[in-house]
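Trainee: Sequence:
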Amino acid sequence: MPSTTIRYHVGADPVLKHNNRTKKIVKYEPHIDPAGHHESWMDGTLEDKYTELFGEAIQEYNKGRRKDRQLTVAKYMDKVAGDRRGRANRAASKAAGREVKGKHLAYEVIVGVGNTNQARDADGHIVRAADGSRLMPQRVPDETDRAIVREYCEGFEKRNSTPDGGGLKLVSAQWHEDEFFRGAA
Numbered sequence: 001m002p003s004t005t006i007r008y009h010v011g012a013d014p015v016l017k018h019n020n021r022t023k024k025i026v027k028y029e030p031h032i033d034p035a036g037h038h039e040s041w042m043d044g045t046l047e048d049k050y051t052e053l054f055g056e057a058i059q060e061y062n063k064g065r066r067k068d069r070q071l072t073v074a075k076y077m078d079k080v081a082g083d084r085r086g087r088a089n090r091a092a093s094k095a096a097g098r099e100v101k102g103k104h105l106a107y108e109v110i111v112g113v114g115n116t117n118q119a120r121d122a123d124g125h126i127v128r129a130a131d132g133s134r135l136m137p138q139r140v141p142d143e144t145d146r147a148i149v150r151e152y153c154e155g156f157e158k159r160n161s162t163p164d165g166g167g168l169k170l171v172s173a174q175w176h177e178d179e180f181f182r183g184a185a
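Everything in the sequence shown is counted per this note's numbering, starting at 1 for the first residue and increasing by one.
Do not take every clue at face value.
As the list claims (entries may be wrong) - Listed next, with one range per pair, are the computed distances between beta-carbon atoms:
1. 123 with 162: 47 to 55 Å
2. 130 with 29: 19 to 27 Å
3. 37 with 138: 42 to 50 Å
Just so you know, the hints here were simulated from the structure itself, not pulled from any lab data. Ideal Cβ positions, reconstructed from N, Cα and C, are used throughout, including at glycine.
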């Protein structure tokens with residue numbers, strides 16, 4: 001097998017409806033092949049994960065408080081998303097030249113196996129298939145990619161845990177081989 005790479009991207013604000021392939025959303029996304037293969041290994045919601053992580057603390061916080069001052073998980077998530085305090089937000093606001101609107105509730109991590117460099121001819125021009133799709137000769141077979149990414153997801157929380165039981169947590173995990181990138185490079 002030719003040498004290859006692993007792609008790793010961390011972005012903010014995952015779009016769970018896209019990742020879970022919700023038909024109402026995906027039908028408007030032409031880069032997704034409706035007949036393509038995808039699997040959902042873990043299909044959670046942010047609210048469920050926040051309830052798991054902070055539900056007991058919120059209940060404890062609410063003890064002895066008036067009803068109108070009690071928190072729900074949804075209210076807590078709104079407070080987190082709207083929190084503009086902290087050095088990171090001030091630095092981001094300064095860099096953006098405008099005020100940054102709060103913190104992210106979660107981050108999306110995209111992992112892929114196989115170099116996605118496009119095939120090029122002797123002159124360095126991109127070579128395309130007859131249907132216009134990109135040719136990527138250093139991609140690994142889909143099943144190899146699937147097995148490696150699945151193993152990565154299954155060990156994610158263990159690798160990213162802290163001694164007190166905290167650490168990074170997965171909300172959802174999917175494998176997609178149904179996105180095709182056509183058109184201009």
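Trainee: All the hints need checking, so say for each whether the structure fits it.
Mentor: Evaluation of the provided hints:
At roughly 52 Å, the beta carbons of residue 123 and residue 162 sit within the given window of 47 to 55 Å. Between residue 130 and residue 29 the C-beta distance comes to about 24 Å, which sits within the given range of 19 to 27 Å. The beta-carbon spacing between residue 37 and residue 138, approximately 20 Å, falls outside the hinted interval of 42 to 50 Å.
In summary, the one numbered hint that this structure violates is 3.
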